[in-house]
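K.L.:
In case you want the letters, here they are:
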Amino acid sequence: MNLTAIKVIYFNEMMRFWKTLFQSIASPVISTALYFVVFGSAIGSRIENIEGVSYGLFIVPGLTMLSVLTQSISNASFGIFFPKFTGTIYELLSAPVSFYETLIGYVGAAATKSLILATIILATANLFVDLNIAHPFWMLGFLVLTCIAFSLFGFIIGLWADNFEKLQIIPLLIITPLVFLGGSFYSISMLPDLWQKVTLFNPVLYLVSGFRWSFFEVSDVSVGISLFMVFLFLAICIAIIAWMFRTGYKLKQ
Amino acid sequence: MDSIISIKALSKTYKSGFEALKTVDLEINRGEILALLGPNGAGKTTLISTICGIISPSSGSVSVDGFDIIKDFRKTRSMIGLVPQELTLGAFDTVWGTVRFSRGLFGAKRDDAYLEQLLKDLSLFDKKDSEIRALSGGMKRRVLIAKALSHQPKVLFLDEPTAGVDVELRKDMWKIVNKLRNQGVTIILTTHYIEEAEEIADRVGVISNGELLLVEKKDELMQSLGKKQLVIDLKEPVKQIPSSLEEYNIELNDSGTQISYTYVVKDATADVSEILNKITNSGLLLKDLKVEQSSLEDIFVDLVKEES
Numbered sequence: 000m001n002l003t004a005i006k007v008i009y010f011n012e013m014m015r016f017w018k019t020l021f022q023s024i025a026s027p028v029i030s031t032a033l034y035f036v037v038f039g040s041a042i043g044s045r046i047e048n049i050e051g052v053s054y055g056l057f058i059v060p061g062l063t064m065l066s067v068l069t070q071s072i073s074n075a076s077f078g079i080f081f082p083k084f085t086g087t088i089y090e091l092l093s094a095p096v097s098f099y100e101t102l103i104g105y106v107g108a109a110a111t112k113s114l115i116l117a118t119i120i121l122a123t124a125n126l127f128v129d130l131n132i133a134h135p136f137w138m139l140g141f142l143v144l145t146c147i148a149f150s151l152f153g154f155i156i157g158l159w160a161d162n163f164e165k166l167q168i169i170p171l172l173i174i175t176p177l178v179f180l181g182g183s184f185y186s187i188s189m190l191p192d193l194w195q196k197v198t199l200f201n202p203v204l205y206l207v208s209g210f211r212w213s214f215f216e217v218s219d220v221s222v223g224i225s226l227f228m229v230f231l232f233l234a235i236c237i238a239i240i241a242w243m244f245r246t247g248y249k250l251k252q
Numbered sequence: 000m001d002s003i004i005s006i007k008a009l010s011k012t013y014k015s016g017f018e019a020l021k022t023v024d025l026e027i028n029r030g031e032i033l034a035l036l037g038p039n040g041a042g043k044t045t046l047i048s049t050i051c052g053i054i055s056p057s058s059g060s061v062s063v064d065g066f067d068i069i070k071d072f073r074k075t076r077s078m079i080g081l082v083p084q085e086l087t088l089g090a091f092d093t094v095w096g097t098v099r100f101s102r103g104l105f106g107a108k109r110d111d112a113y114l115e116q117l118l119k120d121l122s123l124f125d126k127k128d129s130e131i132r133a134l135s136g137g138m139k140r141r142v143l144i145a146k147a148l149s150h151q152p153k154v155l156f157l158d159e160p161t162a163g164v165d166v167e168l169r170k171d172m173w174k175i176v177n178k179l180r181n182q183g184v185t186i187i188l189t190t191h192y193i194e195e196a197e198e199i200a201d202r203v204g205v206i207s208n209g210e211l212l213l214v215e216k217k218d219e220l221m222q223s224l225g226k227k228q229l230v231i232d233l234k235e236p237v238k239q240i241p242s243s244l245e246e247y248n249i250e251l252n253d254s255g256t257q258i259s260y261t262y263v264v265k266d267a268t269a270d271v272s273e274i275l276n277k278i279t280n281s282g283l284l285l286k287d288l289k290v291e292q293s294s295l296e297d298i299f300v301d302l303v304k305e306e307s
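Sequences listed follow chains R and A, in order. Number 200 in numbering that gives the first Met the number 0 belongs to position 201 of the first sequence; there are no gaps in the numbering. Number 184 in numbering that gives the first Met the number 0 belongs to position 185 of the second sequence; there are no gaps in the numbering.
Don't take each hint at face value.
[Claimed, not checked] Pairs of lysine-lysine residues, derived as BS3-like cross-links and limited to a Cα-Cα distance of at most 27 Å, are as follows:
(1) A/K127 to R/K83
(2) A/K139 to A/K119
(3) A/K216 to A/K227
(4) R/K6 to A/K153
(5) A/K7 to R/K251
(6) A/K126 to R/K18
(7) R/K6 to A/K139
(8) A/K21 to R/K249
(9) A/K126 to R/K6
(10) A/K21 to R/K18
(11) R/K249 to A/K74
(12) A/K227 to R/K83
(13) A/K289 to R/K6
(14) R/K251 to A/K70
(15) A/K14 to R/K249
(16) R/K251 to A/K227
(17) A/K227 to R/K249
(18) A/K153 to R/K18
These aren't lab readings, by the way, just hints derived from the structure by calculation.
Start from the sequences, fold in the hints, and give me the full structure.
P.N.:
Following this line, the structure appears as structure tokens:
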């Protein structure tokens, strides 16, 4: 295994994060603060507690997931798309590096960035609400797995996209609506029966539900199912990437 | 001679159906400079990219120092450095950062002293902390060379290295190429500038339409395919060539003041002194004479014309 290569890819990607540290941190902090002002204080004060949890507190896991999902996808997809776009991918393809080493470098960096971001968001949230995490170990587990799974998904999008529109279309048209409709800001028990059933087809529901359980022991679906769904998503992404690598999809002619 | 790259029946057909390489066989000798000549779209870059691992071959095999480029890709790729045709660099990286990245990517241990010397040799050291977007085109080309040499490769591919490059950089580049040759690095370059191939290459390969038309030592190629032309200025103009010279392929110019005789260098039947004697004896008065040799460019143009 070419560990040196994994290390340089990883640190090169992380360097991009540090170079734009202000945007990287300021943007999630500001948006989280805005959500808390609007949903937590302004609207939230008129909303009853949900399953014994105040609304301001209830939205913390969903808000964190919203940022983690979109940032994991955007970081990982941009990371591999950019060398394709500028042509510097030639160096990766001609280097003694396997596809899996490339993957570990890029996805590892994207997942790390998301993890840092999630920590910042949770710290910001703690300024507005009194955050007590019931199961810190499970919380971290869900968070790490979600960061990795969605960075893998982002990597797939980055490989698939051959222009900037394609790079943006899935996060904008699919992921953001799924996060909003996946119970990030409400419990699905608040929905009519039919919509509760429809929501069960939304994979993000399981992520948010499991993540929320680790905070408040309150969930829309059982934790076991949530965990299973995270692993299933992870397995699907790995299978797709394995196929892409085997066939050289959009990388090699 | 010891071969370092062995290409056997290599073919590449793109998904579009375009056959870029048609059963290419080629042995590249250790330590030589091989120039690949060919018109645009001939298959030069496809050939290089396949050996480097950027393009998957459709059939055939390539080995580098005895290792297969697919089965033992780690070994073969760590021996190869590639300077691509396009100026493909990350705009926001610094020169030092990108060169160190390349060295690490190829699995080589950190060696700042080597990289510093490399940047000095390429007149890049004072720009080492500059971002690449701030560099001129020529400087970017130097950075690409530094990246390719960052892991001390045994084989260096230069794909059109002097396209759009000023005279100074071109001279520097050939100095570096010579230095690398002296260190035993095998160099394969593609170029449109035939005079460059003529100047620095040991052997010349000509590719056209995905086929390797020939690979020969430059000197032998010049001898076997090169033509010479004996041009004689006459003291007094003549209306036609004397009958005693009719059996030779001698041409008279329009003004009747110059005759020329074209012959293939390796053609043993052409005896220049005999022809000169005949010309003198024919009564023509010679004013001056010169011999012109065809360049590699003429040979290349003739070959590609024949092929098409």
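K.L.:
When you check the alpha-carbon spacing of R/K6 and A/K139, does it fall within 27 Å?
P.N.:
Answer holds: R/K6 to A/K139 is near 25 Å, not above 27 Å.
K.L.:
Tell me if the straight-line CA distance from R/K251 to A/K70 falls inside 27 Å.
P.N.:
holds, 17 Å
K.L.:
Is A/K139 within 27 Å of A/K119, Cα to Cα?
P.N.:
It holds: about 15 Å lies between the C-alpha atoms, which stays within 27 Å.
K.L.:
Given the hint that R/K251 pairs with A/K227, test it: the Cα-Cα distance must not exceed 27 Å.
P.N.:
Answer violated: R/K251 to A/K227 is near 47 Å, above 27 Å.
K.L.:
When you check the alpha-carbon spacing of R/K249 and A/K74, does it fall within 27 Å?
P.N.:
The hint holds at about 25 Å.
K.L.:
Run the distance test for A/K227 versus R/K83: straight-line Cα separation, threshold 27 Å.
P.N.:
At roughly 49 Å apart (the allowed maximum being 27 Å), R/K83 and A/K227 break the hint.
K.L.:
Within a Cα-Cα threshold of 27 Å, do A/K126 and R/K6 meet the stated pairing?
P.N.:
holds, 25 Å
K.L.:
Would you check the hint for A/K216 and A/K227, treating anything up to 27 Å between C-alpha atoms as holding?
P.N.:
Holds, at roughly 19 Å.
K.L.:
With a cut-off of 27 Å on the C-alpha distance, tell me whether A/K126 and R/K18 pass.
P.N.:
Holds, at about 20 Å.
K.L.:
Would you check the hint for A/K153 and R/K18, treating anything up to 27 Å between C-alpha atoms as holding?
P.N.:
violated, 35 Å
K.L.:
For A/K21 and R/K249, compute the direct alpha-carbon distance and say whether it is at most 27 Å.
P.N.:
holds, 24 Å
K.L.:
Is the straight-line distance between the alpha-carbon of A/K21 and that of R/K18 27 Å or less?
P.N.:
Violated - the C-alpha atoms of R/K18 and A/K21 are around 47 Å apart, more than 27 Å.
The structure does not agree with the numbered hints 10, 12, 13, 16, 17, 18 stated previously, though it agrees with the rest.
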